[in-house]
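Visitor: First to last, the sequence lines map onto chains A and B.
Mapping of the first sequence onto UniProt numbering: position 355 corresponds to residue 355, and the numbering continues sequentially without gaps.
Mapping of the second sequence onto UniProt numbering: position 26 corresponds to residue 26, and the numbering continues sequentially without gaps.
There may be inaccurate statements among the hints.
Below, in silico cross-link-like pairs of lysine-lysine (BS3-like), each with a Cα-Cα straight-line distance of 25 Å or less [said to hold, decoys possible]:
hint: 1; chain 1: A; residue 1: K934; chain 2: A; residue 2: K915
hint: 2; chain 1: A; residue 1: K17; chain 2: A; residue 2: K267
hint: 3; chain 1: B; residue 1: K51; chain 2: A; residue 2: K431
hint: 4; chain 1: A; residue 1: K643; chain 2: A; residue 2: K843
hint: 5; chain 1: A; residue 1: K861; chain 2: A; residue 2: K934
hint: 6; chain 1: B; residue 1: K78; chain 2: A; residue 2: K431
hint: 7; chain 1: A; residue 1: K17; chain 2: A; residue 2: K75
hint: 8; chain 1: B; residue 1: K42; chain 2: A; residue 2: K889
hint: 9; chain 1: A; residue 1: K889; chain 2: A; residue 2: K683
From chain B, some residues computed to sit far from chain A (all C-beta separations above 12 Å) [what the hints assert, rightly or not]:
hint: 10; residue: I4
hint: 11; residue: C9
hint: 12; residue: E10
hint: 13; residue: S48
hint: 14; residue: N49
hint: 15; residue: P50
hint: 16; residue: K51
hint: 17; residue: G52
hint: 18; residue: I53
hint: 19; residue: M81
hint: 20; residue: T82
hint: 21; residue: K89
hint: 22; residue: P90
hint: 23; residue: S91
hint: 24; residue: K92
hint: 25; residue: P94
Covered, in the sense of this in silico footprint (three residues per stretch, anywhere, with C-beta under 8 Å from a C-beta of chain A), are these stretches of chain B [to be verified]:
hint: 26; segment: 35 to 42
hint: 27; segment: 65 to 74
Simulated from the structure, these hints should not be mistaken for lab results.
Note that CB positions come from ideal geometry on N, CA and C, so glycine has one too.
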Amino acid sequence: MSGAFRIPSAGRLSQAKTARFSFDGQSYAGIEGDTLASALLANGVHLVGRSFKYHRPRGILSAGAEEPNALVEIKRDAARKTPNVRATVQELYDGLAAQSQNRWPSLSFDVGAVNDIASPFFSAGFYYKTFMWPKAAWKSLYEPKIRAAAGLGVSPDQPDPDHYSSRYAHCDVLVLGGGAAGVAAALAAAETGVRVILADEQAEFGGSLRFESGARIDGQDGFAWAQGAVAKLAAMDNVRVLSRTTAFGYYAQNFVGLVERVSDHLKAPGHDLPRERLWQVRARRVVLASGAIERHMVFADNDRPGIMLAGAARTYLNHYGVAVGKNVGVYTANDSAYAAAIDLKKAGVNVAAIVDLRDNPTGPVIDEARALGIEVNFGRAVVRAGGKLRVSSMTVQPKNGGGERTIPVDAILMSAGWTPSVHLFSQSRGKVAFNDETKRFVPGTYAQDCVSVGACNGTDGLSASLDEAYAAGAKAARDANARDYGAKAAKGTKPKVDASESWSRGMLGAAPGAGPDTTVKAFVDFQNDVTAKDIRQAVHEGMHSIEHVKRFTTNGMATDQGKTSNMHGLAIAAETLGKPIPEVGLTTFRAPYTPVTFGAIVSHARGPLFDPTRRTAIHPWAEAQGAVFEDVGQWKRAWYFPKTGEDMHAAVDRECVAVRTKAGLFDASTLGKIEVVGPDAAKFMELLYTNPWEKLEPGRCRYGIMLREDGFIYDDGVVGRLAPDRFHVTTTTGGAPRVMNHMEDYLQTEFPHLNVWLTSITEQWAVIAVQGPKSRDIIAPLVEGIDMSDEALPHMSVREGKICGVPTRLFRMSFTGERGFEVNVPADYGQAVWEALWAEGQKHGAAAYGTEAMHVLRAEKGYIIVGQDTDGTVTPNDAGLDWAVGKKKADFVGIRGMARPDLVAKGRKQLVGLKTKDPKVVLEEGAQIVEDPKQAIPMKMIGHVTSSYWSQNCGRSIALALVAGGRDRMGDTLYVPMPNGVVEVEVTGMVFFDETGGRLNG
Amino acid sequence: MLLIRCPYCEEERPELEFRNAGEAHIARSANMAGESDDDFEKFFFIRSNPKGIIHERWRHMHGCARFFNAVRDTVTDKFIMTYKAGEPKPSKLPGVAK
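Chain A extracted, bound-state conformation:
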């Protein structure tokens, strides 16, 4: 037996397929096809959670995605804990384990419920008012306590072991919502042959046909018709049918995000299945068939477990075969709740009374209810619900006042009417319009190529909805440029509605008994614990815009995004303001429609797949040598090569000394490289770099500086001229993409008359720097076709030839101040040539060195690193690089910016060297520099340290710094205040080693 409240004759589930599950450790039986909510209700369990603020006991309100109360934690194992799962959406599987949330020590006895008694202190906006001071207490005391007491479920504390997938899809017609209207629209579109996607958030299609027992289409039960129609669609090649798939966001140009829950409903999901799949769909036309959501009645204590939406009670009965009580009361302001009462009565449930707020409604459902012997009361209101952990009674009073009567019940079904789901329409930037007659917002002005059909369009009645949807589906297919896909006119036939139900209006706002003169807890927003009184109070305290009311009360701001509460909240605010509803306006609907997991959005882009990793051709060799790597942009670069027992310092010191005494090998492959080719290549270089290029002989190199138009240094690098029309340009490692973009920009848009091609060759050439006194001895034996003598190949020259039998562009250049070479070889040969050079190097005592030693060596020589010693506000003059600016040039990028008054003013920060008075003290990079350390705080800072290292070669620390008027301060003493005391420094030139530069030439 799957629960005492299961009615074997009702519902569509097969009683034979039992599924065991647990809730708060208690074991229950359900049926396959149940949701967790229907299975709990079948076992008579209504109390499933505690509310957000007041910790009030809460039950199941709905049977769908709009559920505000029944949020539980589903736990598969230690890592697979999902909080805030709506029990009304979670499908049951054998072994499912659920826990209630936001209660301690137990669901039925919750200490936090003291908040309910103390609720006068917790009214709207109380967070803003109460905890204002002392300021320090907010972070240490108030916020942690409030966060612990309020709130929903607990986040998982382990990495998510599941995997998620992501797909892009294109279609002609995307139908969102698989109720009667959506299915009809999809049929009409699909029959023309265009590509159709039909998505619905539920496990089965049919929407409200799940509970509308009176609907008959094409001669069969409405729900059965939907199953047949969807099966037919699924079999068509041009249709993709997605169930358990929620359209959560509608973005620009008919770009819709959907999330498909692939395996949350399975007992033991296979590892081949993702947990969820994100669909990013671009549709030529979108048909919105998102239906309508029933509203609750706003009366005192309307949140007691057992009080639920009438349509939900009907779903539990007609689809799941579950009675939500044995003696139910009905409170309504429209016809649809009558149908629930009638269905329950026919299933053998006692209906204590129907309380109808309307004065003298007429219609077939009312007649039928009476004929079944149900007591029907007009013009009356339920002013209060009795009971605490479960509703026990409803107190009824004539709506204009009078004697009260209390009727014992174990459930109350309520309906204030139906709100069209315009969420996706509104997200598409469409403007809603208020229909004064029906008191609802419906789609007004469209902003995108979409159309709303059925209940979400405010269309009443199954027959009218199907007609509208079928026509819209056919039109969408036609408008979607259907001829591309061999479409023909729809060849199917429109579904015929044989019988249907029709619901009338309803009411908005607080019901009698919860009016302005009352202080009762009549909930508008269950999930955020917002009452009618809170909304009135917000207006009285000066919140006159609905957006302010929303934020002050938090109405509609919970995870359910106000699906049941927004219209009531708006109506109460409008009434309090004394304005008509359309003048107050609706708050904006924002994505996501229902919560989306981070996993679905992130998909595979996490861990090593978060960002591409770039490795050089020589990377495997460095790895085998035990190199420690550092990240430079996306590159992995060898940082240093520790030998056994060496720490970083020892390794770097050894590497630095080896380069200056013998030789070092360095993998410089990550350097950006761009080939500038064409008859106008030199002209182009003249414009993009500060230096003169026209007269640079082929075979020679030059250090180039690139500016932005504002005159600040953008990049630098050595450029070799291979031929009159061919330059091999190098850039900083991190700057390569933006330099390429900068060059392309000018070439394409400002200097399109220049006949030049730009090619990125960063990854085509591996670069092995061989530096040090022995560098030529190491390289020479392997080189063919290049005269390696100083006369033939002086410093700053380039030759093409062969090394180890493969082509090379051999640069004689140095970033260390030593005789040096940079051997460029095609990347495929990078590791082989490296290994050959390494073998030669071993004969001469060479070491491999990493980026840290490279930094130290260049700093010893005062060579700058763009982005470290410059920060985007440094001119060539500031950096002491005036010599690299062509004085006779008529134009280059930055020529005018460089001449701006502030950039030529005195006292600018200039790059200088710093020597600490105590040679052992190494300054911190980024440390601030002052003239007088005794001045009051805040001190006047005149510069900062940009580079600082221990230099084993100099036997002392060295640093570079940007200092105001720095070049006029040579020999001055300045101060670097640090937490542990002031460091005294002397301003020096930037070159700390081999000041005359003699070593460059051997």
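Given the coordinates of chain A, work out where chain B should sit on it, guided by the hints.
Guide: Structure of chain B alone, referenced to chain A:
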């Protein structure tokens, strides 16, 4: 995600393939070195930032890599049209009322 028509590829492609490159039709002076401070300020610093129609440069970064110009409405975020670099500002815009 927007769809942007590349005037060189003659195809609508997703926004991810493109990169914005600032306002269009700001010409670099042929006599850059001789520009006055005021003119340089206008050229380099001053941008229009309109509510409504803006002309801007885009690059089909992950496609043909060409820079081109676009007319976009900053209110609706809609691309009204795109055209090749070097072409004049279009005098008439499709579907835009005066």
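Visitor: Checked against the structure, which of the hints given earlier come out wrong?
Guide: 5, 10
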